[in-house]
Amino acid sequence: MAKKPTRSRAGTTRRAAPKSRSSRRSKARKQSRGALWRWRLFQLSTIGAAVLIAWMFYLNAVVRERFEGQRFTVPARVYSEAQELYAGAPVSADQVESLLQALGYRQTGQLGQSGRYLRRGQTLSVHTRGFDFWDNPEPARRLELDFSQGSLVNMVTPAGQSVMVARLDPLYIGQIYPGSGEDRLLLPLTEVPASLLEGLIAVEDRRFFQHWGISPVGIARALWANVSSGSIAQGGSTLTQQLVKNMFLTADQTLWRKGNEALMALLMEWHYSKEEILEAYVNEIYIGQQGRRSINGFGLGAQFFFGSPLRSLNIHQQALLVGLIKGPSYYNPRRNPEQAMTRRNVVLSVWRDAGVITQAEYDRAVAAGLDISNVPGDASYPTFMDLVRRQLDQGYRRQDLLAEGLTVFTTLDPLAQNHLEKVLPQGLAELERNHSLADNTLEGAAVVTRPSTGDVLAITGGRRPELAGFNRALDARRQVGSLMKPAVYLAALEAGYTLATPISDAPVQVASADGDLWEPKNYDKESHGTPILLDAFANSYNQATARLGMEVGLPEVFGVIDRLGVDERLPRVPSVMLGAVDLSPFHIAQMYQTIAGNGFYSPLNAIRAVVHPDNGVLQRFDLRVEQRFAPEQMYLVQEALHRVTLEGTARSLQWRLPGSWWLAGKTGTTDDSRDAWFAGYSSDRQAVVWVGRDGNEPTPLTGSTGALPIWADIMAGLNPNQERRGQPAAVVRVPVNAGGAQVSVRCDGARELPFITGSEPPQRRGCDAQPGTTDSEDGGGWWQRLFN
Amino acid sequence: MAATVQLMGVGRAAVRNRRLACVLASVLGFAGCVSVPVDQPNDTRLSTWERQEEQLGSSPDMAPPSRSSLVDSLQRSARERAAVGQWDQAGELVLRALRIEPQAPDLYLQLAELRTRQGNTAGAEAIARKGLTYAESGSRVVEELQRYVQSGAVLTQ
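Residue numbers (our numbering), protein chains in the order written: chain S, 1 to 788; chain D, 1 to 157.
No lab work stands behind these hints: they were computed from the structure. This one's a predicted model, so the numbers in the text were calculated from it and none came from an experiment. Hints are supplied without guarantee of correctness; some may be wrong.
What follows is a list of derived Cβ distance ranges for each label pair [as the list claims (entries may be wrong)]:
1) D/ALA83 - S/ARG398: 34 to 44 angstroms
2) S/LEU118 - D/ALA83: 57 to 67 angstroms
3) S/LEU517 - D/GLY138: 47 to 57 angstroms
4) D/ALA83 - S/MET164: 34 to 44 angstroms
5) D/ALA83 - S/ASN246: 27 to 37 angstroms
6) D/GLY138 - S/GLN763: 20 to 30 angstroms
7) S/GLY150 - D/GLY138: 55 to 65 angstroms
8) D/ALA83 - S/PHE57: 53 to 63 angstroms
9) D/ALA83 - S/TYR330: 32 to 42 angstroms
10) S/ALA368 - D/ALA83: 44 to 54 angstroms
11) D/ARG147 - S/ASP516: 20 to 30 angstroms
12) D/ARG147 - S/TRP655: 28 to 38 angstroms
13) S/GLN110 - D/GLY138: 54 to 64 angstroms
14) D/ARG147 - S/ARG569: 34 to 44 angstroms
Even glycine gets a Cβ: it sits at the ideal position worked out from N, Cα and C.
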């Protein structure tokens, strides 16, 4: 046992030498390996630093490009026509109130803030928002509006001073060419309330003016504040980091994203001032969602949640906006009012503690309700927006339209549009009930215009107007039936016919160039003798019209159709005269626009002005008129259309609408009643209605029974003022009998018809005289003359 | 194209007077029909203006201004804008007026004037021709409108 250690030692000693050598070798290897690793580390560090520098350069470029170029996605915002207010305006208190609600105005007794109103009986007290219209800014102001019998009769300030005219802000109706779903109202920092800015910094980043983009102190302080308060009242990211995240990065909670965020925040602070960063923040921050539309920035947020401009918000409203940053969905005040209230009050307490507000202000603000507007303050009119897009594409350069922040002012009349969208589905449902049709089997489309300017005031492409889809008003091509007849009669009047010229309604055959025979029949399958032109037109006789058209000549009729404004290429066949041609309701509206416009063509127009954020007005609507017809001849056609509503196929309008209204219009029905139309106007409002089935199946409806009732309901709501152009000086009125002869006004059935001076039929003595006969042939003896 | 035409029917003044009379008659009729005791001036069914009518009785001074005074005001503003060369703003003011009174020939006259000053003689002629379809025969505005029609016609020859 005793030797073992020696041996062992010896052994150890013996083994120690190689171990020592091994250790040295190992050490050397380790040193060598360490050096290698250090070298590799150095290499890696160098490469990493190079990559980091390159990455920093890249991030720097990203930050600078975005910040110095177009900072924000601002889609082209589209607005309706603004409601004009003046004593005498034909709007009721109900209509103005509905418009205010659509605009997001709040009914309240406190009118100190713009975007508020109060209704008392027939009086509306409104604090308007004001709006920067392209032609003239409209100030925000208090107005007292008194209404009586469907009109605004008095408009004064609260001090009783009369106000001549005012405009409500226009209704926001959508975006065009949005690069993303983001929407915002850009505001300079000077238009943001100081309390909001101070409060924002107090809640989100107390050391904003001290740090360089990232703030370890801020993170620690926020952590401590949150732990001690038991709630997450403050965040650790600086405002700059939040801005970077919103502008450039995703919301992913990854180290990679956080690292990029920190680097970009440093770069941003290096390049830009605190004021620039703060201004970008208040315009960028995401605070709400409406469908696919993302509500960004405090400017739009104020309008979206409170219906008021940012500068007029109260302290408690400002606090809610700041509170929303933390969780726009969770704290959505419309969906989760309790959470929103709690969050707002936390923000208010932070503001009080930070000295942003006084204790008294805090007490008042905490006691206030959320004060949220009831509606988001916009509307959806896909059919009209479709028309706007098409007209923009036609009339504007693409690169102009893609500019950020365009404002498009349109002609849409929200009251007319809402009325149309209500009346059309109701009318179709009623037709289905009355004619025992299955529900939702009928479709319809309608267009409302202003003849004096060609403005499209309202348009709907189906019975569910809120849905974008097949736009029947613009794209449905349907046979138009008798709506084409005014072109035939206008061509006849230009050729020297008069409204009293007799025309045979006997059966007629027309051979086409390829030998086919066209034999049009009257709707009632009967012939009606030899009516005068006026009666053939008013009763929509097909046989008489076809004969008249062939007498006048097809080229002349097609020339009239072209001049009326139908820009489609139509087949040059006789059946077109009776409407065997496919056109859209919009085409018909354009065609009748020329008639209502006294023979002057004005293109239908949906856009009033397009304003570029930097370059001002790109283009504005200017009334374009082009004389296409003699006003006297058009006056006669207008008279014929008027007679349709008095004694022709549209005579039911006499009881459907006030008897004192001057109306003009034409029914249209196609084979097997596949299409029912009515087109007409009264004073400065025109409407076209189509009813049918998408599959082109027959219906039991005619223009009179299908489209006319809906047209009447539309016009009843539009309530056009009843001005009527006077009779041209070169037109005279003479009494004629049913045969078209000029007779005494005392004859039974004599009607005073207009004639272009010199074209009136010669006077006859007998009441039953025919225009082509002499007095002796009429049988009017001396005794009869005594009574004439 | 056919010669220009003149109105000989209902003139603008007549229309205006009739409209004013209708408004007055309807308001007075309404005030007379609604049984609101004068000792209850705060009846919420009536507008402030109607309540004042009830208390004060009908007064010509309380009648709402006719729409023409508004149109006149817009026309004046348009002239002021035109005087400093703001053609677009001037044109828009006239069009605002035209949407309120779509058959007022003097608005067409003003538009024709604006177009002429902008060098658009053909446009002025077309506007003037349309204005004539609303103008009362023998009125000063007819002469003015015809001047633009003739100058346009001369230039196009």
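We went through each hint and held it up to the structure:
For D/ALA83 paired with S/ARG398, a C-beta distance near 37 angstroms keeps the hint of 34 to 44 angstroms intact. For the pair S/LEU118 and D/ALA83, the supplied restraint of 57 to 67 angstroms is violated, since their beta-carbon distance comes to about 41 angstroms. Checking the proposed 47 to 57 angstroms range against S/LEU517 and D/GLY138 shows it holds: the Cβ atoms sit about 55 angstroms from each other. Between D/ALA83 and S/MET164, the C-beta spacing of about 20 angstroms breaks the proposed range 34 to 44 angstroms.
The supplied range of 27 to 37 angstroms is broken by D/ALA83 and S/ASN246, whose beta-carbon atoms lie about 49 angstroms from each other. Evaluation of the 20 to 30 angstroms hint for D/GLY138 and S/GLN763 yields a pass: the beta carbon distance comes to about 28 angstroms. A C-beta distance of roughly 35 angstroms is found between S/GLY150 and D/GLY138, which places it outside the suggested range of 55 to 65 angstroms. Under the hint 53 to 63 angstroms, the C-beta atoms of D/ALA83 and S/PHE57, about 57 angstroms apart, fit the expected range.
For D/ALA83 and S/TYR330, the Cβ-Cβ distance of about 58 angstroms falls outside the hinted range of 32 to 42 angstroms, so the restraint is violated. Separation of S/ALA368 from D/ALA83 is about 50 angstroms and conforms to the stated range, judged on CB atoms against 44 to 54 angstroms. Distance hint for D/ARG147 and S/ASP516: a CB-CB separation of about 55 angstroms, inconsistent with the stated range 20 to 30 angstroms. Range check, D/ARG147 to S/TRP655: about 47 angstroms between beta-carbon atoms, so the 28 to 38 angstroms window is missed.
Between S/GLN110 and D/GLY138 the CB atoms are about 57 angstroms apart, so this pair conforms to the stated range of 54 to 64 angstroms. Under the hint 34 to 44 angstroms, the C-beta atoms of D/ARG147 and S/ARG569, about 40 angstroms apart, fit the expected range.
Consistency note: the structure conflicts with the earlier hints numbered 2, 4, 5, 7, 9, 11, 12.
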